[in-house]
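S.K.: Each chain is listed here by its residues.
Protein chains: 4
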Amino acid sequence: MYLSGLILEIVVEHITRDKEAYFEKTKKEMERYFQMPNWTIPQKVALTCRILADQGHESGLAGQITARGEKPDTYWMLSFGLGFDEASASNIVLVDDDLNILEGEGMVNPSNRFHLWVYRHRPNVSAIVHTHPPYVSALSLIGQPLVAAHMDTSMFYDDCAYLPYWPGAPVGDEEGKLIHEALGDKRAILLAHHGQLVATGSIEESCVLGIFIERAARMQILASSAGTVQSLDPKNAKEAHDYRLSKKSIEGSFHYYARKLLKRDGDEALQ
Amino acid sequence: MYLSGLILEIVVEHITRDKEAYFEKTKKEMERYFQMPNWTIPQKVALTCRILADQGHESGLAGQITARGEKPDTYWMLSFGLGFDEASASNIVLVDDDLNILEGEGMVNPSNRFHLWVYRHRPNVSAIVHTHPPYVSALSLIGQPLVAAHMDTSMFYDDCAYLPYWPGAPVGDEEGKLIHEALGDKRAILLAHHGQLVATGSIEESCVLGIFIERAARMQILASSAGTVQSLDPKNAKEAHDYRLSKKSIEGSFHYYARKLLKRDGDEALQ
Amino acid sequence: MYLSGLILEIVVEHITRDKEAYFEKTKKEMERYFQMPNWTIPQKVALTCRILADQGHESGLAGQITARGEKPDTYWMLSFGLGFDEASASNIVLVDDDLNILEGEGMVNPSNRFHLWVYRHRPNVSAIVHTHPPYVSALSLIGQPLVAAHMDTSMFYDDCAYLPYWPGAPVGDEEGKLIHEALGDKRAILLAHHGQLVATGSIEESCVLGIFIERAARMQILASSAGTVQSLDPKNAKEAHDYRLSKKSIEGSFHYYARKLLKRDGDEALQ
Amino acid sequence: MYLSGLILEIVVEHITRDKEAYFEKTKKEMERYFQMPNWTIPQKVALTCRILADQGHESGLAGQITARGEKPDTYWMLSFGLGFDEASASNIVLVDDDLNILEGEGMVNPSNRFHLWVYRHRPNVSAIVHTHPPYVSALSLIGQPLVAAHMDTSMFYDDCAYLPYWPGAPVGDEEGKLIHEALGDKRAILLAHHGQLVATGSIEESCVLGIFIERAARMQILASSAGTVQSLDPKNAKEAHDYRLSKKSIEGSFHYYARKLLKRDGDEALQ
Chain A
692 MYLSGLILEI
702 VVEHITRDKE
712 AYFEKTKKEM
722 ERYFQMPNWT
732 IPQKVALTCR
742 ILADQGHESG
752 LAGQITARGE
762 KPDTYWMLSF
772 GLGFDEASAS
782 NIVLVDDDLN
792 ILEGEGMVNP
802 SNRFHLWVYR
812 HRPNVSAIVH
822 THPPYVSALS
832 LIGQPLVAAH
842 MDTSMFYDDC
852 AYLPYWPGAP
862 VGDEEGKLIH
872 EALGDKRAIL
882 LAHHGQLVAT
892 GSIEESCVLG
902 IFIERAARMQ
912 ILASSAGTVQ
922 SLDPKNAKEA
932 HDYRLSKKSI
942 EGSFHYYARK
952 LLKRDGDEAL
962 Q
Chain B
692 MYLSGLILEI
702 VVEHITRDKE
712 AYFEKTKKEM
722 ERYFQMPNWT
732 IPQKVALTCR
742 ILADQGHESG
752 LAGQITARGE
762 KPDTYWMLSF
772 GLGFDEASAS
782 NIVLVDDDLN
792 ILEGEGMVNP
802 SNRFHLWVYR
812 HRPNVSAIVH
822 THPPYVSALS
832 LIGQPLVAAH
842 MDTSMFYDDC
852 AYLPYWPGAP
862 VGDEEGKLIH
872 EALGDKRAIL
882 LAHHGQLVAT
892 GSIEESCVLG
902 IFIERAARMQ
912 ILASSAGTVQ
922 SLDPKNAKEA
932 HDYRLSKKSI
942 EGSFHYYARK
952 LLKRDGDEAL
962 Q
Chain C
692 MYLSGLILEI
702 VVEHITRDKE
712 AYFEKTKKEM
722 ERYFQMPNWT
732 IPQKVALTCR
742 ILADQGHESG
752 LAGQITARGE
762 KPDTYWMLSF
772 GLGFDEASAS
782 NIVLVDDDLN
792 ILEGEGMVNP
802 SNRFHLWVYR
812 HRPNVSAIVH
822 THPPYVSALS
832 LIGQPLVAAH
842 MDTSMFYDDC
852 AYLPYWPGAP
862 VGDEEGKLIH
872 EALGDKRAIL
882 LAHHGQLVAT
892 GSIEESCVLG
902 IFIERAARMQ
912 ILASSAGTVQ
922 SLDPKNAKEA
932 HDYRLSKKSI
942 EGSFHYYARK
952 LLKRDGDEAL
962 Q
Chain D
692 MYLSGLILEI
702 VVEHITRDKE
712 AYFEKTKKEM
722 ERYFQMPNWT
732 IPQKVALTCR
742 ILADQGHESG
752 LAGQITARGE
762 KPDTYWMLSF
772 GLGFDEASAS
782 NIVLVDDDLN
792 ILEGEGMVNP
802 SNRFHLWVYR
812 HRPNVSAIVH
822 THPPYVSALS
832 LIGQPLVAAH
842 MDTSMFYDDC
852 AYLPYWPGAP
862 VGDEEGKLIH
872 EALGDKRAIL
882 LAHHGQLVAT
892 GSIEESCVLG
902 IFIERAARMQ
912 ILASSAGTVQ
922 SLDPKNAKEA
932 HDYRLSKKSI
942 EGSFHYYARK
952 LLKRDGDEAL
962 Q
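Chains A, B, C and D, in that order, give the protein sequences. Count along the first sequence from 1, then add 691; that gives the number in my numbering. Count along the second sequence from 1, then add 691; that gives the number in my numbering. Count along the third sequence from 1, then add 691; that gives the number in my numbering. Count along the fourth sequence from 1, then add 691; that gives the number in my numbering.
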């Protein structure tokens, strides 16, 4: 009892600060310590493809990862017919706004057309990750939107749209119109009977959100099989949403997944 | 507001085409770019065995993958006693219509007899994949047919039969009669208390559908644990069914899975 | 129509046989083709440990695999403190009927005491596999017996007991009494809040049944999360039960799993 | 009948002992046989990071593993920005009671601040494992505490608290106050919408309990998807709780997981 009282006293005297002060300190330190290599856009696209393959996002040849090119109306994407795990900078091709190849060889995935519709209407979007991973796919069958109910998936809080209608195999322009309208100005969308799409301002962010939207779906499916998912407190959810999406936090996570991949595959992805 | 209006205007002027035009273009490009190596039938059977093992279809020695031989009433199949992951072209044996070995050494799996019944009644079937993977097995216990409710599993839309009765260990002719009748002219069947069977016009197609029927079952189980599976729109489902089953689309997927396997195992499967 | 009629006619003429004839033929061929290496008892115990580890049966140091020795009242078992994946013939020790070491070095797992109770009361039992794998563990929490509802798990049809009471950490004699009495003359038992035990006439059979009882539990959990498990037809279930448990069928499966393991680990398990 | 009666008679004569005697014997033998290498604190922290990564505890860069230093008010922890799988003794830094680095280079994870609150109020706590693994994360969404309903998870029986409120991203002092108060004098806590925390008297114990709290959550989710989780008998649960937490039992388990890791990675973790 006496010892316990003594300790409590020390604690009371211990320095505490406002949460804002900690956020500031963290931001500054991340600026200093979280440094990324100077990878090119095709290298980052290839890394993202392989990272998502490693996270189980493969569904045969379905799904696409694209990024805006340096010049207007140009886009980088994996040559069609290759799996995500086969991506390398050298098989990422550059296409124009009608999916004609400008650089590189091979064929363009016709399903990439709906990405163009998103890029046209969202000038702030630089990279799109669209995949059909297992839990997102399962969740897409039950007519319910994605629920961001965990700290680690708070990036999707009030930032994930839902398209309850499936327009069929997405090779045409109709799908592009439908999907970009449903997406609106959000970062992500759950597509019924189909999969997910993440559209953000950087490849790093789209990659990390691509990983975590599948985890959000996994949590939702597993939790729902055992009970009822409880909502997040809106104020805290919004704060965590912004904290998680800070540039350096995203880059730190992307860099970690890239290191893991490069350790396993050597620099195949970068060639 | 102004910027957004400007962009919208550009979009309106952007070229759009009929969906049919895109399907045509895609078909032509796939013809050009999706080229498969000239693998023999036993090599393709061995690759399919290993691909399905890699996809978790193993259930001890249960399950069989077979293909029609070049001559009438002959069939290629894995020598009994080997696991799918041990398949190589050299241990795929050729048998006659009564399961007597014509080429190769070893024993024939007596359960392959019901495959013969399917081949006899379906001249357009060239390859059968019959396995007991985890989610198909679980789904087979609850008295419900497979539901094709996702774009990636639309190949099974109105194309997967259901046999609600389990006739016991399938080593005799009775099972063959029962299974081929229940299958009818469909591409696939869910067998209660047992597993799945895919019967199509090529090894490539049976392999890819073998992979995706397990994914369809996984989606159905996971989705059902969290909510109620919603149906696909019939028109879109039928369109996607046909698109997914186009020859080149199937070959592209098979080739991808084969490359993945060959990268991991070297050319063991082809020897 | 005409072609289809023609084919039907050929089919009708095709030779069919009684199921019994196929069972006989299969038995004879298995006798000839399914040959096992001459592994010693400790080698088979070590292989079984590693096979089950590979199947995900690890739960820290919990679980034990034991086999009768050549001399009465002697038993082979893994030295305590090692994981299943570390088992080698050289760390399998021989103990007497009070768990004192007769051959080899190390410590005996005190929880192995309840195995002795089973061996004493079941002279036909030569090997016991007791593990706490994930799905068996989950199933053991809900107060329900294991349901053998799939062809591949028919070995447990009317052959898996259930102990609904958990007697605490099993290091004493009370547990041995309780467990062997609940087991009775069955091959397996589901132990509430604890795990599973398989007790059969050979190491090979206990190994294969150890693998498949976890799969039975997995099917039951997954199926129950999505619907209601339907029962097997008793007559077919009994027939499949016996067919699956035929000596050569079991040996064929064990040999397959052992080859897979030896290919991965080299002959570590046999040293 | 006669034979069976004979065997029963032998059994009756067989020596049996009190459970207490077996516990005593086991304890003595473990003291002799379960010997650990002399790893330093940073080496044990690095091993724990890698063991938990191997057990699937990764959630990007979220989660932290910390341990008290040799001097008062000092703590060892992984340099921020590294994944658990990248931990090595050389990137474990020593910090003071305000998270300033005393030894080593890099940045400190600001979320580690709430660990300090636990250390201050619990002088008997030497190591904390805080992670967001898949099943704990899913369980944390449904407003229910963790249920210890299996022998292998009895360490959490009456020893796992529950914080039903989520205070937002834990970088400040408020979270530390809230979490340490909810933890009280228990070994573990389930944090709603967040993850789990284990706080015990040794790195070995926190590591092993970190592994098993995720297994407890997995059992609870899977069991709940199929039925209703039944409670443990309190007396047996308490006995098993203490038995499982004995120093040597914990060390034996930790040593096993460490050997497994070192076999896979070489001594990277120890450098």
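Derived by calculation from the structure, the hints in this document are not laboratory data. Please note that the accuracy of each hint is not assured.
Treat identical chains as interchangeable: a pair holds within one or across any two.
Here are the computed lysine-lysine pairs in the DSS-like style, where the Cα-Cα straight-line distance is at most 27 angstroms [stated by the list, open to error]: (1) K710 <-> K868; (2) K954 <-> K762; (3) K868 <-> K926; (4) K939 <-> K951; (5) K926 <-> K954; (6) K951 <-> K718; (7) K716 <-> K926; (8) K926 <-> K951; (9) K710 <-> K939; (10) K951 <-> K868; (11) K762 <-> K951; (12) K716 <-> K929; (13) K710 <-> K954; (14) K951 <-> K710; (15) K954 <-> K716; (16) K951 <-> K929; (17) K954 <-> K868; (18) K868 <-> K929; (19) K868 <-> K719; (20) K710 <-> K929.
S.K.: If you test the structure against every hint from before, which numbers come out violated?
M.R.: 2, 5, 8, 10, 11, 13, 14, 15, 16, 17
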